[in-house]
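K.L.:
One-letter residues, chain by chain:
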Amino acid sequence: DAEITQSPRHKITETGRQVTLACHQTWNHNNMFWYRQDLGHGLRLIHYSYGVQDTNKGEVSDGYSVSRSNTEDLPLTLESAASSQTSVYFCASSSHRGETQYFGPGTRLLVL
Amino acid sequence: DAKTTQPTSMDCAEGRAANLPCNHSTISGNEYVYWYRQIHSQGPQYIIHGLKNNETNEMASLIITEDRKSSTLILPHATLRDTAVYYCIVTDDYKLSFGAGTTVTVRA
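Sequence order for the protein chains is F and H. Mapping the first sequence onto this note's numbering, position 36 (from 1) lands on 85, and the numbers just tick up by one. Mapping the second sequence onto this note's numbering, position 104 (from 1) lands on 155, and the numbers just tick up by one.
Don't take each hint at face value.
Below, simulated DSBU-like cross-link-like pairs (lysine-lysine); rule was C-alpha separation at most 30 angstroms, straight line [unchecked claim]:
no., chain 1, residue 1, chain 2, residue 2
1, H, K120, H, K146
2, H, K146, H, K54
3, H, K120, H, K54
4, F, K60, H, K54
5, F, K106, F, K60
6, F, K106, H, K54
7, H, K103, H, K146
8, F, K60, H, K146
9, H, K54, H, K103
Covered stretches of chain F, going by a simulated chain H footprint (3 or more residues, C-beta under 8 angstroms) [as the list claims (entries may be wrong)]:
no., region
10, 65–78
11, 112–118
12, 123–135
No lab work stands behind these hints, which were simulated from the structure alone. For every residue, glycine included, the Cβ atom is placed at its ideal position computed from N, Cα and C.
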């Protein structure tokens, strides 16, 4: 069955380290998204991509970057992790029509 | 994107219908109404969406008022597994903007 996966599911890192969170989908979807969710808040959009080589900033993109070298993957990189980036990160994808976003299980990141 | 207003929380009895309201008074003509839910610690799950007409699928029904300024999500027979945060979102593109949603607790 087609699916969307995230790895790792849990990560502890130290302030200042570079961290990459993986997102992989097997639906061949054009659109992919990264969100973060903090306690007591809804999801906030970090970055998104509408296709290979396309990337766009969302509302909370500072300190994060993404690259889209193929259809299946959109890795999220924290260039220099900060304690404020402790959060749960969700990846999502949707087809070119964009009607439904399918979400991954999330990655819990703790920055010490 | 237009903003939405939802009640913070609501309770529902198991087996009864749950009616979740959403106000979107500034919605524009080409914006859709989407509903997602998030069960504790999981990724959000798509429920239903619509533009003008009422919609129904295996999970829920969506009733949109004629002026499109509000909508209601109906879970016809709520179960304990429907306990979740429900998000009403209006958008005209691929991006979703999540608010705080409504925390729905289904009680036995």
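K.L.:
Next step is simple, just say for each hint if it's right about the structure.
P.N.:
Now the hints, each set against the structure:
Our distance criterion of 30 angstroms between C-alpha atoms is met by K120(H) and K146(H), whose separation comes to about 20 angstroms. Annotation: proposed proximity of K146(H) to K54(H) holds, straight-line Cα distance about 14 angstroms (limit 30 angstroms). For the proposed pair K120(H) and K54(H), the alpha carbon gap of about 11 angstroms is at most 30 angstroms, so the pair holds. Simply put, K60(F) and K54(H) have alpha-carbon atoms about 34 angstroms apart, too far for the 30 angstroms limit, and the pair is violated.
Under the criterion of a C-alpha separation no larger than 30 angstroms, the hint pairing K106(F) with K60(F) is consistent with the structure, at around 24 angstroms. The straight-line distance between the Cα atoms of K106(F) and K54(H) is roughly 20 angstroms, inside the 30 angstroms bound, and the hint therefore holds. For the hint pairing K103(H) with K146(H), the CA-to-CA distance comes to about 20 angstroms; that is within 30 angstroms, so the pair holds. Simply put, K60(F) and K146(H) have alpha-carbon atoms about 27 angstroms apart, close enough for the 30 angstroms limit, and the pair holds.
Distance restraint check for K54(H) and K103(H): the Cα-Cα separation of roughly 17 angstroms lies within the 30 angstroms cut-off, and the hinted pair is therefore satisfied. Figure legend: the region 65–78 of chain F, annotated as covered by chain H; annotation inconsistent (0 residues with Cβ-Cβ distances under 8 angstroms, at least 3 required). Judged by the Cβ-Cβ criterion of 8 angstroms, the region 112–118 of chain F is not covered by chain H as claimed, because only 0 of its residues qualify and three are needed. A stretch counts as covered by a chain when three or more of its residues have a beta carbon under 8 angstroms from one of that chain; for the region 123–135 of chain F and chain H the count is 0, and the coverage is violated.
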